[in-house]
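Participant: For reference, the chains in residue letters:
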Amino acid sequence: MAYLQSVVTRAGYFTSKKGRLPYLLLFPGMLWLFTFFVLPIINLAGTSTQTPVAGGETGQYVQTFRFANYIDAFNQARPQFARSFLYATLATLLALAISYPLAYAIAFRSGRFKNILLVLVVAPFFTSFLLRTVAWKQILGEQGFVVPALRSMHIIGQNTSLTASALAVVTGMTYNFLPFMTLPLYASLERIDPRTLEASNDLYANGITTFRKVTFPLSMPGVVAGTLLTFIPAAGDYVNAAILGNPNTTMIGNVIDSRFFNIVDYPTAAALSFMLMAAILILVTIYIRRSGTDELV
Amino acid sequence: MADASSSSHGDLKLTRVTKSFGDFTAVDDLTLTIPEGSFFALLGPSGCGKTTTLRMIAGLEEPTVGSIYIGETDITTKKPYQRPVNTVFQNYALFPHLSIYENVAFGLRRRGVKDVKEQVEKVLKLVELPHLAERKPTQLSGGQQQRIALARAIVNRPALLLLDEPLGALDLKLRRQMQIELKWIQTEVGLTFVHVTHDQEEAMTMADTIAVMNEGRIEQMGSPAELYESPETAFVANFLGQSNLIRGEVVSSDSDQSVVEVHGQKVAVLKSRNRATGKSILVGIRPEKIRISLPDDPRNGNVLTGGIVSDVSFVGVSTQYVVEMPWKQDLMVFEQNDGGTPTLRPGDPVSLSWNPPFTFGLDGSEDVNAGSEVDEPA
Chain C
6 MAYLQSVVTR
16 AGYFTSKKGR
26 LPYLLLFPGM
36 LWLFTFFVLP
46 IINLAGTSTQ
56 TPVAGGETGQ
66 YVQTFRFANY
76 IDAFNQARPQ
86 FARSFLYATL
96 ATLLALAISY
106 PLAYAIAFRS
116 GRFKNILLVL
126 VVAPFFTSFL
136 LRTVAWKQIL
146 GEQGFVVPAL
156 RSMHIIGQNT
166 SLTASALAVV
176 TGMTYNFLPF
186 MTLPLYASLE
196 RIDPRTLEAS
206 NDLYANGITT
216 FRKVTFPLSM
226 PGVVAGTLLT
236 FIPAAGDYVN
246 AAILGNPNTT
256 MIGNVIDSRF
266 FNIVDYPTAA
276 ALSFMLMAAI
286 LILVTIYIRR
296 SGTDELV
Chain U
3 MADASSSSHG
13 DLKLTRVTKS
23 FGDFTAVDDL
33 TLTIPEGSFF
43 ALLGPSGCGK
53 TTTLRMIAGL
63 EEPTVGSIYI
73 GETDITTKKP
83 YQRPVNTVFQ
93 NYALFPHLSI
103 YENVAFGLRR
113 RGVKDVKEQV
123 EKVLKLVELP
133 HLAERKPTQL
143 SGGQQQRIAL
153 ARAIVNRPAL
163 LLLDEPLGAL
173 DLKLRRQMQI
183 ELKWIQTEVG
193 LTFVHVTHDQ
203 EEAMTMADTI
213 AVMNEGRIEQ
223 MGSPAELYES
233 PETAFVANFL
243 GQSNLIRGEV
253 VSSDSDQSVV
263 EVHGQKVAVL
273 KSRNRATGKS
283 ILVGIRPEKI
293 RISLPDDPRN
303 GNVLTGGIVS
313 DVSFVGVSTQ
323 YVVEMPWKQD
333 LMVFEQNDGG
343 TPTLRPGDPV
353 SLSWNPPFTF
363 GLDGSEDVNA
373 GSEVDEPA
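Read top to bottom, the protein sequences are chains C and U. Sequential numbering of the first sequence, starting at 6, is according to this note's numbering. Sequential numbering of the second sequence, starting at 3, is according to this note's numbering.
Treat the hints as calculated values from the structure; they're not laboratory data. None of the values given here were measured: they were computed from a predicted structure. A hint or two may mislead.
As the list claims (entries may be wrong) - Only pairs whose alpha carbons sit at most 35 Å apart, straight line, appear in this in silico DSBU-like list of lysine-lysine:
1) C:Lys119 with U:Lys81
2) U:Lys138 with C:Lys119
3) U:Lys268 with U:Lys291
4) C:Lys218 with C:Lys119
5) U:Lys330 with U:Lys268
6) U:Lys185 with U:Lys138
7) U:Lys127 with C:Lys218
8) C:Lys218 with U:Lys138
9) U:Lys124 with U:Lys15
10) C:Lys218 with U:Lys80
11) U:Lys81 with U:Lys124
12) U:Lys185 with U:Lys80
13) U:Lys185 with C:Lys218
14) U:Lys175 with U:Lys138
15) U:Lys81 with U:Lys127
16) U:Lys185 with U:Lys291
17) U:Lys185 with U:Lys15
18) U:Lys80 with U:Lys127
19) U:Lys15 with U:Lys80
20) U:Lys124 with U:Lys175
21) U:Lys80 with U:Lys116
22) C:Lys218 with U:Lys119
23) C:Lys119 with U:Lys80
24) C:Lys218 with U:Lys124
25) U:Lys291 with U:Lys281
26) U:Lys81 with C:Lys218
27) U:Lys175 with U:Lys185
28) C:Lys218 with U:Lys15
29) U:Lys185 with U:Lys119
30) C:Lys218 with U:Lys116
31) U:Lys116 with U:Lys138
32) U:Lys268 with U:Lys175
33) U:Lys268 with U:Lys281
Said to hold, decoys possible - Some chain C residues well away from chain U (every beta-carbon gap over 10 Å; in silico):
34) Leu26
35) Gln55
36) Asp77
37) Gln85
38) Val127
39) Gln148
40) Val152
Cβ coordinates follow ideal geometry from the N, Cα and C atoms, glycine included.
Construct the complete structure from the given sequences, taking the supplied hints into account.
Facilitator: Here is the structure:
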């Protein structure tokens, strides 16, 4: 915080001299955000309290400030809300469990392969998100290699399939958001001075204790950033549920999607969007407060 | 958990220790005994193997060959956390996420010591920073962090405290002050300190015994005065302070001294201070031992004539002269500013003289410039 303040003070020193430059630099970004974020949000907020025009066509709504739209929408989509947060939480925890050892290995043990491994982490972005998700349908499908393998090992029954299930949705989300978890984790692990780990070793802490008392606490900024970058998009995601799920695994994103585009029920969709935003915002705030990483960031 | 305090204390013994990284031999067949309770300095230029030696003692590197003992205990392959050894790291390596109190308590907690609070408070008082216990390392100045790093190590009362260039990051004034404090703390706590440094003045100020290292080997070991007054190699003569080394040949010897001819002039070297085995010899003399005088002044002892002053710099307590000799070698002379020497200017012809017992003789096969052109970091 002190550092930030000093930066701000120094910036202030420059404004007095170079007046408008900072504002000029800010302008394009601010204009963009205003046009494509602030205005649509206001519009969306307006839509969320509209009601259908009496006797009008489908998709015609009028502003009546009916805040009860929110209660109705919530009551209709309660299970999907719960499912969204459950799946997002599961995907986040799974991604953390997979990414941490990966990021740790890249940061501390990869030697000259470091850059190659980092490229491999980012490589999936070179193909479309949608295609990669469809590919999982193949992998987990009857013709894929996973199902026969698991069946032959008697881990799953002969009639159990993996597609169109909650498992497939969570797996897909975990996979899709893995780089968002790995990269911040790597960045914060890489920043750890290896001598602090040596110091811990020197001060009678073995490998496990060093990890618990030094490495992990020092990687907290990466853990917080990674979990947020995974959880937030995962909670609002609808692609994985649409492609890999079944009617019992729909998430809030799918409900919003179908309300907008299929049922053309704009107010409910808008109200759900706002509630999702609010819920994520509240959860994230609590999370950041409790993780207490302010001074490490 | 390691039981550090009950492990046997005693002398540290390195026996024929070698450490190679691929083709590079960082430490080459090193045998060394550091007596319990001493303040020992490993001095050398960067890359001489001193830090690698320290890291092997700490357990952060494993020797390729050789063994390391503390007293009767073989610690060669023990993990760092199993050794009764603590380190003050070069950049302190304090834990940024822990308070100063928790930093210092770290080792005590790992060992399950009972009276953590009492011991931490005591050691913070020793380093005179008890008021900073609740701060985080980043809120401390370099000098304060240095002391906390020291406190964090000595609170465990290790058999051996290793200091890896602990003062390297401090400015000159603070470094001088910390040198005195470190020495005082060492006497106070009575632990064995092994101090790695490239700063010869730092090593001489603090250590009882200095081992000068070069290219993975120990060049010479002894008290600061021994090393300074009787260097055994050109490297030591040049690395520790400055030396004038002049090539010559032994022309005659009697029971206690040899006469050496250097470029047509004769000087005496005590046999006890002569390391040369053959006829070829390097005659060594420290700049402050030499008296400078006008050619016609009376003088005795070892005398070299025909010098021309080529540079004069006044440095307060002394005046430093560079004198070019007839054989085109520049010699350094430091004269006390006590009014005993006439003021000389560049171009003045002079003679140099000194008391023969100050002369030291090195083997003629040595490189005159060894150790004088070493890059020193910081």
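Participant: Are the hints correct? Go through all of them and say.
Facilitator: Status of the hints after comparison with the structure:
1. C:Lys119 with U:Lys81: holds, 27 Å
2. U:Lys138 with C:Lys119: holds, 32 Å
3. U:Lys268 with U:Lys291: holds, 18 Å
4. C:Lys218 with C:Lys119: Between Lys218 (chain C) and Lys119 (chain C) the Cα gap is close to 25 Å, so the pair holds against 35 Å.
5. U:Lys330 with U:Lys268: At roughly 17 Å apart (the allowed maximum being 35 Å), Lys268 (chain U) and Lys330 (chain U) satisfy the hint.
6. U:Lys185 with U:Lys138: Between Lys185 (chain U) and Lys138 (chain U) the Cα gap is close to 27 Å, so the pair holds against 35 Å.
7. U:Lys127 with C:Lys218: OK: Lys127 (chain U) and Lys218 (chain C) at ~26 Å, within 35 Å.
8. C:Lys218 with U:Lys138: Holds. Lys218 (chain C) to Lys138 (chain U) sits at ~16 Å (cutoff 35 Å).
9. U:Lys124 with U:Lys15: holds, 31 Å
10. C:Lys218 with U:Lys80: The given pair, whose Cα atoms are some 22 Å apart, holds under the 35 Å limit.
11. U:Lys81 with U:Lys124: holds, 28 Å
12. U:Lys185 with U:Lys80: holds, 29 Å
13. U:Lys185 with C:Lys218: Distance of about 32 Å is within 35 Å: holds.
14. U:Lys175 with U:Lys138: holds, 25 Å
15. U:Lys81 with U:Lys127: With Cα atoms ~31 Å apart, Lys81 (chain U) and Lys127 (chain U) stay inside 35 Å; holds.
16. U:Lys185 with U:Lys291: Measuring from Cα to Cα gives roughly 29 Å; hence the hint holds.
17. U:Lys185 with U:Lys15: Given pair Lys185 (chain U), Lys15 (chain U) holds - Cα atoms ~23 Å apart, limit 35 Å.
18. U:Lys80 with U:Lys127: Cα-Cα ~32 Å, so holds.
19. U:Lys15 with U:Lys80: holds, 15 Å
20. U:Lys124 with U:Lys175: holds, 27 Å
21. U:Lys80 with U:Lys116: It holds: about 25 Å lies between the C-alpha atoms, which stays within 35 Å.
22. C:Lys218 with U:Lys119: holds, 19 Å
23. C:Lys119 with U:Lys80: holds, 30 Å
24. C:Lys218 with U:Lys124: Holds, because 24 Å separates the two Cα atoms, which is no more than 35 Å.
25. U:Lys291 with U:Lys281: holds, 25 Å
26. U:Lys81 with C:Lys218: holds, 18 Å
27. U:Lys175 with U:Lys185: holds, 16 Å
28. C:Lys218 with U:Lys15: holds, 33 Å
29. U:Lys185 with U:Lys119: holds, 26 Å
30. C:Lys218 with U:Lys116: holds, 19 Å
31. U:Lys116 with U:Lys138: It holds: about 24 Å lies between the C-alpha atoms, which stays within 35 Å.
32. U:Lys268 with U:Lys175: violated, 44 Å
33. U:Lys268 with U:Lys281: The hint holds at about 14 Å.
34. Leu26: Given that every Cβ of chain U is farther than 10 Å from that of Leu26 (chain C), nearest at about 31 Å, it holds.
35. Gln55: holds, 50 Å
36. Asp77: Holds, because the least Cβ-Cβ distance between Asp77 (chain C) and chain U comes to about 48 Å, which exceeds 10 Å.
37. Gln85: For Gln85 (chain C), whose nearest Cβ neighbour in chain U is about 39 Å away, the distance exceeds 10 Å, so it holds.
38. Val127: For Val127 (chain C), whose nearest Cβ neighbour in chain U is about 29 Å away, the distance exceeds 10 Å, so it holds.
39. Gln148: Holds, since 50 Å exceeds 10 Å.
40. Val152: holds, 45 Å
Of the hints listed earlier, the one the structure fails to meet is number 32.
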